[in-house]
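Novice: Residue numbering for the sequence shown follows UniProt numbering, beginning at 1 and increasing consecutively.
Don't take each hint at face value.
[Unchecked claim] Calculated cross-link-like contacts (lysine-lysine; reagent style DSS-like; alpha-carbon spacing at most 27 Å):
(1) Lys238 to Lys199
(2) Lys283 to Lys56
(3) Lys16 to Lys56
(4) Lys73 to Lys124
(5) Lys124 to Lys238
(6) Lys283 to Lys124
(7) Lys299 to Lys16
(8) Lys73 to Lys283
[Claimed, not checked] Each pair of labels, with its calculated beta carbon distance range:
(9) Glu190 to Ser249: 53 to 63 Å
(10) Asp71 to His248: 47 to 57 Å
(11) Leu20 to Gly72: 17 to 27 Å
(12) Ala277 to Ala90: 24 to 34 Å
(13) Ser236 to His259: 16 to 26 Å
(14) Leu263 to Ala53: 14 to 24 Å
(15) Ser249 to Pro58: 43 to 53 Å
(16) Glu190 to Ala94: 45 to 55 Å
(17) Asp182 to Gly28: 43 to 53 Å
(18) Ser236 to Ala53: 17 to 27 Å
Bear in mind the hints are in silico, worked out from the structure with no lab data behind them.
Every residue, glycine too, gets a C-beta built ideally from N, C-alpha and C.
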Amino acid sequence: MRAVQVTEFGGPEVLKPVELPDPVAGPGQVLIEVDRVGLNYADTHQAENSYLAPSKLPLVPGGEVVGRTADGKRVVALLNDGGGYAERVAADEAMTFPVPDGVDDLNALSMLVQGATAWIMLRKNAHLEPGESVVVHAAAGGVGSIAVQLANAWGAGRVIATASSEEKRALAIELGADVAVDSRAENMTEVLREANDGKRVDVVLDMVGGPTTDQSIAALAPFGRLVFYGMAGRRSPKPIELRNLLGHSTTVAGMWLPHVFRLPGNVFGTALSELFAMVQDGKLRAIAGGEYALADARKAHEALRSRGTTGKLLLDPRR
1 MRAVQVTEFG GPEVLKPVEL PDPVAGPGQV LIEVDRVGLN YADTHQAENS
51 YLAPSKLPLV PGGEVVGRTA DGKRVVALLN DGGGYAERVA ADEAMTFPVP
101 DGVDDLNALS MLVQGATAWI MLRKNAHLEP GESVVVHAAA GGVGSIAVQL
151 ANAWGAGRVI ATASSEEKRA LAIELGADVA VDSRAENMTE VLREANDGKR
201 VDVVLDMVGG PTTDQSIAAL APFGRLVFYG MAGRRSPKPI ELRNLLGHST
251 TVAGMWLPHV FRLPGNVFGT ALSELFAMVQ DGKLRAIAGG EYALADARKA
301 HEALRSRGTT GKLLLDPRR
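Kindly produce the complete structure, drawing on both the sequences and the hints.
Specialist: Spelled out as structure tokens, the structure:
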């Protein structure tokens, strides 16, 4: 089968189209003929071995696919050890979920990781309450574009989006943000307060890192919460002093999706079911960020790393 493999860690240049043997489904697994592969920013970290979970070579990247099982059922699947950039995958049955009618490939893959990430951050980390202000950094991205819609649907008092271009800021407004500001602002603390009518903000969803995180924490109101779920800027924030959290009654939380599966109950399944239902009802939609041939995975990673993309990027393993 055709696949994309990494045999040395690095940037997009290490993604090489190859021919590999078809996977064999083991006990508790199901074989899936892949229709689309979902790309995540985490894939770029996986390729350079800078992700939270260490990568091992040789590596076929990719943690999410949508396709059909041998009996024709349409499913999405999370892949614990990668392998998604390929024509076929063997996925754990426990991590494979049916796709309901009315949910296309784009929305199915967008809700699987990005949608679930936004849902869990707002529900479990931030415990969003109606009327609270919400800042969504990278609001035109995969997670951000869904988070804007969810915050709006769940009664946020003011949704503040940040994005790097006028086009992206216009998209955020279209999706339900009340105001959109330039993510390249030198003083994000001041910009966020101004966007919130001069008041500190209640919730920040941050995947940028560096000064953006530092200045967003400084913009939090008492009992405000910042949820940190990535570091696209590849710069670490400053160390946080606990006395500063105490002095402002603020909370800084981290969120990594795999930890959700350790929670009691079926939190992930609940999130996915609710997200799919919202898509079916026309209350939530994914933003198409571009579709690439499998052999062009390098170009897709270059686009992701440029931070110039919007919405969800896909690979088509059939071409």
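Novice: Hint by hint, note whether the structure agrees.
Specialist: Verification of the hints:
Simply put, Lys238 and Lys199 have alpha-carbon atoms about 24 Å apart, close enough for the 27 Å limit, and the pair holds. A C-alpha spacing of about 40 Å is found between Lys283 and Lys56, which places the hinted pair above 27 Å, so the restraint is violated. With a C-alpha separation of about 16 Å, the suggested pair Lys16 and Lys56 falls inside the 27 Å cut-off, and the hint holds. For the suggested pair Lys73 and Lys124, the alpha carbons sit about 31 Å apart, so the restraint of at most 27 Å is broken.
For the hint linking Lys124 to Lys238, the alpha-carbon distance of about 25 Å falls within 27 Å, and the restraint holds. Between the alpha carbons of Lys283 and Lys124 the distance comes to roughly 21 Å, so the proposed pair stays at or under 27 Å and holds. With a CA separation close to 11 Å, the supplied pair Lys299 and Lys16 stays within the 27 Å bound. With a C-alpha separation of about 25 Å, the suggested pairing of Lys73 with Lys283 holds against the 27 Å cut-off.
One distance hint, 53 to 63 Å for the beta-carbon pair Glu190 and Ser249, is violated here, with the actual separation near 21 Å. Taking 47 to 57 Å as the suggested C-beta distance range, the pair Asp71 and His248 conforms, at roughly 56 Å. In this structure the supplied range 17 to 27 Å holds for Leu20 paired with Gly72, their Cβ-Cβ distance being about 25 Å. Ala277 and Ala90 have their C-beta atoms about 29 Å apart, which keeps the hinted 24 to 34 Å range intact.
Between Ser236 and His259 the C-beta distance comes to about 20 Å, which sits within the given range of 16 to 26 Å. Checked against the hint of 14 to 24 Å, the pair Leu263 and Ala53 passes, with Cβ atoms roughly 18 Å apart. Between Ser249 and Pro58 the beta carbons are some 49 Å apart, a value that agrees with the proposed interval 43 to 53 Å. Distance hint check: the CB atoms of Glu190 and Ala94 are about 47 Å apart, consistent with the given range 45 to 55 Å.
Hint check: Asp182 to Gly28, Cβ distance near 49 Å, so the stated range 43 to 53 Å holds. Judged by the Cβ atoms, the range 17 to 27 Å given for Ser236 and Ala53 holds: they are separated by roughly 18 Å.
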